[in-house]
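Undergrad: These are the residues of each chain, in order.
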Amino acid sequence: MRSPVARGEEAQAPPRPPAARRPWWRSRAAKGAAYASPAAAFVVMFFVVPLLLVGRMSASEWPLLQGDQGTNFPDNFDGMTDDRLFWPAVGFTLKYTVIVVAILLVLAMIMALIVQERRPGVTFFRTAYFLPVALGLASASLLFWGFFSPSIGPIDPILRDLGLIDGNIRWIGTPNMALLSTIALVVWKFAGFFMIILLVGLQSIPTEVYEAARIDGANRVQTFFRVTLPLLRPSLALVLILSITGSLLAFDQFFILTNGGPDNSTVTVVMLIYREAFQRFDLGTAAALSVVVLVVLLVVNIVQFRFLRRGTD
Amino acid sequence: MRLQHTLGRTPYYVVAGGLAIMFLVPLVWTTVASVSPHSATAQQVGYGLGNYRTLWDYDAGLLQYLWNSTFVSVLTVALTLGLSLLGGYAFGRFRFLGRDVLFLLIIAILMVPYVTLLVPLWVLFGDLGLRNSLFGLSLVLTLYQLPFAMFMMRISFEAVPKEIEESALVDGCGTFGVLRRIMVRAVWPGMLTVGLFAFLHGWNDFIAPLFLINDSATYPLPLAIATLRQQTMGAVDFGATQAGVVVMALPCLFLFLVLQRYYVRGFMSGALKG
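If you read the sequences in order, they're chains P and A.
With the working numbering as the guide, the letters of the first sequence map in order to residues 1 to 313.
With the working numbering as the guide, the letters of the second sequence map in order to residues 1 to 274.
No lab work stands behind these hints: they were computed from the structure.
Predicted model only: the values in this text are computed from it and were never measured.
A hint or two may mislead.
As the list claims (entries may be wrong) - So, partial list: chain P residues that the calculated Cβ filter (under 10 Å) puts toward chain A:
{"hint": "1", "residue": "V49"}
{"hint": "2", "residue": "L143"}
{"hint": "3", "residue": "L199"}
{"hint": "4", "residue": "V293"}
A virtual CB, placed ideally from N, CA and C, is assigned to each residue, including glycine.
The following block holds chain P by itself, in its conformation from the complex (with noise of 0.2 Å):
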């Protein structure tokens, strides 16, 4: 209910002179809208009709060079599964993306616990943990293939002269190591990229809380599942989504370390679409992978900012 008081204010306000009226381009909602035009411009030009070109291209015959050769809709998507290196490429990326997703989230906390401590030389592990996030992808990968090659690598020399082993150990000679090489990379290169955003959620949560639970009698461990975890699940779930969908288009790593080797044992699924384009110069399964990826993506995304907002509410 809206007091008298407050309606004879508003009938004392000055009606607007009809003169002080600017025309609609003066207008501030039209210098606004000249303001983000530039972007607007940019992402018409560059995402929407790419979206839409990408929609077109896999619906049609498309070979590398030649161009379009007119639609063929349903063949490149009914083609894809014809490369015998659709589903063990599909498997490997989830393979791939489940371990990589369980050792980020356990190592991140661990490490985000580390430095939210405050002691003496901390500022030391936060930047050394830190330091790898860095550097690129693919500048990481490049170093981790010269530290597993058995011609420069520092570990082999190491376990030999300890008389662990003889000759080399095949890093990425195999394809359960190639696999473990290449989460080892990631998981150094990435680790202090989610430390950091586990460690913003700890610092949000009062310290109330920690009191309230350790009058309560709680010990460390207690406190950690029953009040920490569950106050941290926004964050984890950041860490979940981005590392999931990180994982799923794995390329860089597998690319420079494995190059999708051996015996196309580390072939992920984003590896595929560059191989049609690139390699096979089919343009037309390309695009219609890639929109398969845009789809499947879409819905785990879905799926997870499902769980995100009942974590929140």
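Here the structure of chain P is known, so what remains is to put chain A in place on it, guided by the hints.
TA: Chain A only, in chain P's frame:
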């Protein structure tokens, strides 16, 4: 009591220190390996810069690749800052038709995998003459920085008190004068964060140039170094590769250490939460 206290601290430092070593060893190793003697590299005897000399003379020359990467990164920073400064001003301080739709559309870029756009962009850029062009590459890199940049600049502009803007408008400033004289001073920490993210992305990205650049003299550094190692089959140059890793890492580590505060700001803002 004192002993117990010390004992309680020891496991912490063992775990924390062990992890620190794990994260530092590869960085230290690559630096040392790039100058160490090894039969598989150009540095045969004693420590020295042999690998860096190989790198210097590789194909189009290190200087060319440094220039390519710098050009792409700086242009990406400039384009990202330009679009997000004007756009953030619009989203943060104005109401206009289509405002929410446009903002959602920009955030939606995050939902679309890089590779899904690279396939059509390869075709589109062919028509526009932007394929094989560092300018075209910067446009793509800018596109992927826009969601974060726009969010960051929008909340930066929204945080500026209304009174400052109004008093300037009363003093006869136009909206652009307000932006140039007053707003820029208030939102520069946000701009620094956006610029840092854009630079690191432009400097480090691998998959966009892999798709869009096919002339080896136009390669940015990561692509050039990745090609260098597989240049001659059988004679892989591990040493020059690690020298390349060091060259690529140095500017990033430097900027990162100097601007760490602004990097972490990107996480604090919640901008990454979309």
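Undergrad: Each hint should be assessed against the structure and marked as holding or not.
TA: Hint check:
Annotation: V49 of chain P was flagged as interfacial toward chain A, and the flag holds, the nearest CB pair being 7 Å apart, inside 10 Å. Because the closest C-beta pair between L143 of chain P and chain A is about 5 Å apart, less than 10 Å, the hint holds. A distance limit of 10 Å between C-beta atoms decides the matter here; for L199 of chain P the minimum to chain A is near 8 Å, and the interface restraint holds. The beta carbon of V293 of chain P is positioned within 10 Å of a beta carbon in chain A (closest approach about 5 Å), and the interface hint is therefore held.
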